[in-house]
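There are 2 protein chains.
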Amino acid sequence: MKLASRRKGRDGELLVVARDLSSAVSAAHIAPTLQAALDAWENVEPALKNLYALVNAGTASGQFTLDQAVLDAPLPRAWQWLDGSAYPQHGELMATAFSRPKIEISFPLMYQGLSHHFLGTGGPVPFPSEEDGIDFEGEFAVVTSDVPMAASRQTAAESIRLLIQVNDWSLRKLAAQEVKTGFGWLMSKPACAAAPIAITPDELGSAWRDSRLHATLEVRRGEEIFGRVPANEMAYGFDELIVHAARTRDLCAGTIIGSGTVSSSRYAEVGSCCISERQAIEMIAHGAARTRYLQYGERVRMTSYADGISVPLFGILDSAVVRPAT
Amino acid sequence: MKLASRRKGRDGELLVVARDLSSAVSAAHIAPTLQAALDAWENVEPALKNLYALVNAGTASGQFTLDQAVLDAPLPRAWQWLDGSAYPQHGELMATAFSRPKIEISFPLMYQGLSHHFLGTGGPVPFPSEEDGIDFEGEFAVVTSDVPMAASRQTAAESIRLLIQVNDWSLRKLAAQEVKTGFGWLMSKPACAAAPIAITPDELGSAWRDSRLHATLEVRRGEEIFGRVPANEMAYGFDELIVHAARTRDLCAGTIIGSGTVSSSRYAEVGSCCISERQAIEMIAHGAARTRYLQYGERVRMTSYADGISVPLFGILDSAVVRPAT
Numbered sequence: 001m002k003l004a005s006r007r008k009g010r011d012g013e014l015l016v017v018a019r020d021l022s023s024a025v026s027a028a029h030i031a032p033t034l035q036a037a038l039d040a041w042e043n044v045e046p047a048l049k050n051l052y053a054l055v056n057a058g059t060a061s062g063q064f065t066l067d068q069a070v071l072d073a074p075l076p077r078a079w080q081w082l083d084g085s086a087y088p089q090h091g092e093l094m095a096t097a098f099s100r101p102k103i104e105i106s107f108p109l110m111y112q113g114l115s116h117h118f119l120g121t122g123g124p125v126p127f128p129s130e131e132d133g134i135d136f137e138g139e140f141a142v143v144t145s146d147v148p149m150a151a152s153r154q155t156a157a158e159s160i161r162l163l164i165q166v167n168d169w170s171l172r173k174l175a176a177q178e179v180k181t182g183f184g185w186l187m188s189k190p191a192c193a194a195a196p197i198a199i200t201p202d203e204l205g206s207a208w209r210d211s212r213l214h215a216t217l218e219v220r221r222g223e224e225i226f227g228r229v230p231a232n233e234m235a236y237g238f239d240e241l242i243v244h245a246a247r248t249r250d251l252c253a254g255t256i257i258g259s260g261t262v263s264s265s266r267y268a269e270v271g272s273c274c275i276s277e278r279q280a281i282e283m284i285a286h287g288a289a290r291t292r293y294l295q296y297g298e299r300v301r302m303t304s305y306a307d308g309i310s311v312p313l314f315g316i317l318d319s320a321v322v323r324p325a326t
Numbered sequence: 001m002k003l004a005s006r007r008k009g010r011d012g013e014l015l016v017v018a019r020d021l022s023s024a025v026s027a028a029h030i031a032p033t034l035q036a037a038l039d040a041w042e043n044v045e046p047a048l049k050n051l052y053a054l055v056n057a058g059t060a061s062g063q064f065t066l067d068q069a070v071l072d073a074p075l076p077r078a079w080q081w082l083d084g085s086a087y088p089q090h091g092e093l094m095a096t097a098f099s100r101p102k103i104e105i106s107f108p109l110m111y112q113g114l115s116h117h118f119l120g121t122g123g124p125v126p127f128p129s130e131e132d133g134i135d136f137e138g139e140f141a142v143v144t145s146d147v148p149m150a151a152s153r154q155t156a157a158e159s160i161r162l163l164i165q166v167n168d169w170s171l172r173k174l175a176a177q178e179v180k181t182g183f184g185w186l187m188s189k190p191a192c193a194a195a196p197i198a199i200t201p202d203e204l205g206s207a208w209r210d211s212r213l214h215a216t217l218e219v220r221r222g223e224e225i226f227g228r229v230p231a232n233e234m235a236y237g238f239d240e241l242i243v244h245a246a247r248t249r250d251l252c253a254g255t256i257i258g259s260g261t262v263s264s265s266r267y268a269e270v271g272s273c274c275i276s277e278r279q280a281i282e283m284i285a286h287g288a289a290r291t292r293y294l295q296y297g298e299r300v301r302m303t304s305y306a307d308g309i310s311v312p313l314f315g316i317l318d319s320a321v322v323r324p325a326t
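Going line by line, the protein sequences match chains E and X.
Counting from 1, position 63 in the first sequence corresponds to residue 63 in the working numbering; the numbering is continuous, with no gaps.
Counting from 1, position 216 in the second sequence corresponds to residue 216 in the working numbering; the numbering is continuous, with no gaps.
Read the hints as simulated data drawn from the structure, not as lab findings.
Careful: at least some of the hints might be erroneous.
Now the in silico label distances, taken between C-beta atoms and shown as ranges [said to hold, decoys possible]: (1) P88/E x R10/X: 36 to 44 angstroms; (2) R266/X x S129/E: 39 to 47 angstroms; (3) K8/E x A289/X: 32 to 40 angstroms; (4) E42/E x E130/X: 45 to 53 angstroms; (5) N43/E x S61/X: 28 to 36 angstroms; (6) E131/X x K8/E: 42 to 50 angstroms; (7) E131/X x I103/E: 54 to 62 angstroms; (8) E158/E x G123/X: 24 to 32 angstroms; (9) A285/X x A235/E: 53 to 61 angstroms.
Listed below are the simulated DMTMM-like cross-link pairs for lysine to aspartate or glutamate, each with C-alpha atoms no more than 20 angstroms apart in a straight line [what the hints assert, rightly or not]: (10) K173/E x D146/X; (11) K8/X x D250/E; (12) K8/E x D146/X; (13) K180/E x E104/X; (14) K49/E x D20/E; (15) K49/E x E203/E.
To list a few chain X residues with every Cβ distance to chain E over 10 angstroms, as calculated [to be verified]: (16) G182; (17) E203; (18) A288.
Backbone N, C-alpha and C fix where the C-beta goes; we use that ideal spot for every residue, glycine too.
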């Protein structure tokens, strides 16, 4: 299935979207919001699947032509956002560029992030200062069902309800201050943006295997293709990230768990999904970063593709960095 | 006003509680849940105040004798939990005991914590292993309205809707591993518990000034009074903690911002609000910690008192540490 949330109130209105993204229909009579659907998934999934069949046949009552501009993030607010850092190439480049020791741990890197607001596509994204080092991070994430504490890897894999695509906005100069505290990221991690379409794993065919998404993430900065990065080098699958997240705590339905910035060992050829990684590559190659952080007015556009699927997997995530309204 | 949530579904049912905590009445006809009330505070506050006057007069329709055991946490799940570390005495003891350098930053320490579940009073609290260093942390927190990014200190102060009392459960041995990552606390910070009653600042009279709560937090471990600690040494007021939290991001209605473990420079006399701090005091005095972490079966009870108020400010937060069900 493909699901989305039409902009409405704080949580949006649940839509079922046709496989080719051309049309959609309200599913509010089944569950008013995507969070409500996730809270009662076993009860609502059959009705949602029926509606998905109708919308794909073009025969759903109330079906309308879809303009992605009406869509908010799939979960405009979520109860939990835990972001991993599961692409080792990204970590190695950053550590090398900044001469930092490798982090010696036996578990996945993961932080608890702001979840009460996920920005949608098309909207301006205000940041308080260009001096904070405004950066994007293109990545994928899963949305889970309820997961019990100390869940097994199999339980974790079965808890994956949806996949989404995330831009984890980051303020790099504030991150450099916050890393000193050990308390994690707060000022340096404002609200993420999410592409408008959430998809169930069964939509992906062979592009979903080993609890990993085998897709390519394309990131454009203005007209430039900044990266067209295959997402096939995760050190941990999403099942393992969920096991880690649930090691000492229950997860609630609607928990979003991110992969961290998609990164490839073929970075010279395929590019990067964040500015900071490209700066690290430049520092290693030339001794200094050449690419600057985002300035007000710049646009970032992220889309994902998988073999055999003709449309962007998650729709188009398009954002403009702006000065805040005063 | 005093508000609470009766156990019901994922978010509880909103109650208005009499000032003396002896009785309560459902406010579900005004707002079904406390989160719903916070989402629409300006619209619902007058009706809640009217109901509070009736319940204090003993004349509210449907008023019932209150057994705190029927109460959940005020917000059984919240969109955001940001926990400060605003009592400098606590940080100094920990740094001295572990010979750690002082963290050189110009902003309050704060981390983003798990918010999708706050445990209520009276229930068993399962932890996966006694070997993880199970500890409590007694502290206070505020619940805010929507707060715009880059809010002023005055806006922040005016955004404080409610105060609550929190036990920030911590797994110290996992924290020692996680601090190395810079990514903050995840495994080491399972769900917090919250005392059942939320109160508006105007209930506190002179015990609420300078955006600080001037109360005493009593922590019992079993029959032992572990601490009876005056909460009057916050280095930052809650207004300043909110300003920090909103430096680069909007806060949503229902955001909970914690003070961090209450701690006093008179610790030798008044005790501590967490085991880890007492261990630090023992290490400094005797070269080694003598107090052990919690074991399965132990109970922790937290209550707060302010001058001139005859009942515990937030009711009683009573928890039993248990082995998880298998």
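How the hints compare with the structure:
Between P88/E and R10/X, the C-beta spacing of about 37 angstroms keeps the proposed range 36 to 44 angstroms intact. Remark: the range hint 39 to 47 angstroms for R266/X to S129/E is upheld by a beta-carbon distance near 41 angstroms. Between K8/E and A289/X the beta carbon distance is about 54 angstroms. The supplied range of 32 to 40 angstroms is therefore violated. Between E42/E and E130/X, the C-beta spacing of about 35 angstroms breaks the proposed range 45 to 53 angstroms.
One distance hint, 28 to 36 angstroms for the beta-carbon pair N43/E and S61/X, holds here, with the actual separation near 34 angstroms. Look at E131/X against K8/E: about 48 angstroms separates their beta carbons, and that is inside 42 to 50 angstroms. For the hinted restraint 54 to 62 angstroms between E131/X and I103/E, the CB-CB distance of approximately 23 angstroms leaves it violated. At about 27 angstroms, the beta-carbon gap between E158/E and G123/X stays in the expected band of 24 to 32 angstroms.
A C-beta distance of roughly 45 angstroms is found between A285/X and A235/E, which places it outside the suggested range of 53 to 61 angstroms. Simply put, K173/E and D146/X have alpha-carbon atoms about 26 angstroms apart, too far for the 20 angstroms limit, and the pair is violated. Simply put, K8/X and D250/E have alpha-carbon atoms about 19 angstroms apart, close enough for the 20 angstroms limit, and the pair holds. For the suggested pair K8/E and D146/X, the alpha carbons sit about 17 angstroms apart, so the restraint of at most 20 angstroms is met.
Taking the CA atoms of K180/E and E104/X, the gap is near 8 angstroms; set against the 20 angstroms cutoff, the hint holds. Restraint check for K49/E and D20/E: the C-alpha separation of about 16 angstroms stays at or below 20 angstroms, so the hint holds. Between K49/E and E203/E the CA atoms are separated by roughly 12 angstroms; this keeps the pair inside 20 angstroms, and the hint holds. Non-interface call for G182/X relative to chain E: violated, since the shortest CB-CB distance, roughly 4 angstroms, does not exceed 10 angstroms.
The non-interface label for E203/X is consistent with chain E: the shortest C-beta to C-beta separation is roughly 26 angstroms, beyond 10 angstroms. Every CB of chain E is more than 10 angstroms from the CB of A288/X (nearest about 24 angstroms), matching its label as outside the interface.
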